[in-house]
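Participant: Sequence:
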Amino acid sequence: MLADLNRVDFANVQEQASWVCQCEESLVSRLEQSFKQTLQQQNSLEQWATWLDDVVTHVLQPYEASSHFSKAARQFLLKWSFYSSMVIRDLTLRSAASFGSFHLIRLLYDEYMFYLVEHRVAKANNKTAIAVMSEFSSLKCDSFSDTMTMSGDIPGTSSTVTGNLTWKLSPKD
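Numbering (the working numbering) for the sequence shown: 7 to 179.
What the hints contain is simulated information worked out from the structure, not anything from laboratory work. Each hint should be verified, as a subset may be incorrect.
Think about it this way: if two alpha-carbon atoms lie no more than 25 Å apart in a straight line, the pair counts; the simulated DMTMM-like pairs of lysine to aspartate or glutamate are [unchecked claim]:
| no. | residue 1 | residue 2 |
| --- | --- | --- |
| 1 | K42 | D59 |
| 2 | K129 | D59 |
| 3 | K77 | E117 |
| 4 | K133 | D96 |
| 5 | K77 | E30 |
| 6 | K133 | E38 |
| 7 | K77 | E31 |
| 8 | K129 | D116 |
| 9 | K133 | E117 |
| 10 | K85 | E38 |
Here are the in silico distance ranges between beta carbons for each label pair [unchecked claim]:
| no. | residue 1 | residue 2 | range |
| --- | --- | --- | --- |
| 11 | N132 | R95 | 36 to 46 Å |
| 12 | G106 | A55 | 17 to 27 Å |
| 13 | T98 | V26 | 30 to 40 Å |
| 14 | D60 | L84 | 14 to 24 Å |
| 15 | K42 | L84 | 18 to 28 Å |
Computed from a prediction, not measured in an experiment: that's the story for all the values here. Where a beta carbon is used, it is the ideal one built from N, C-alpha and C, also for glycine.
Based on the provided sequences and hints, a complete structural model is requested.
Facilitator: Here you go:
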């Protein structure tokens, strides 16, 4: 697994992810090196859980006393997910033999990260985790509608399709 991970072009992954994530390059590099070191040591599941907890602590610590803690936590989850999907994509493109193992690990880590962050946000807001999640599910969104025009030839025929697709997102009642 480590050999496959070492073949990942992390500079390219960071370059592509930086536009979306705007992650601090030194932090991403430290996480990459720390992940590789932990993988090389063939740590137990409990040691990996501690590593993940340390990552969450390190990233969210500057926001602990801030009113922006929940937002920072959500942004961290989005960035973690996006960056890890870029790494999985690179493993896929390189036909890594350990892709399946990495994919399963990623699923596990994503779920555990969500759990950790959910509980940190709950603790910061003096609420239970279920109360925090129910707040997010009851958020109201603004109305939004858009129309997309499509046209094009249907392959293998002499027909052309033209049409509009309209969707509308309405506030929750």
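Participant: Output the indices of the hints that this structure fails to meet, ascending.
Facilitator: Failing hints, ascending: 4, 6, 13.
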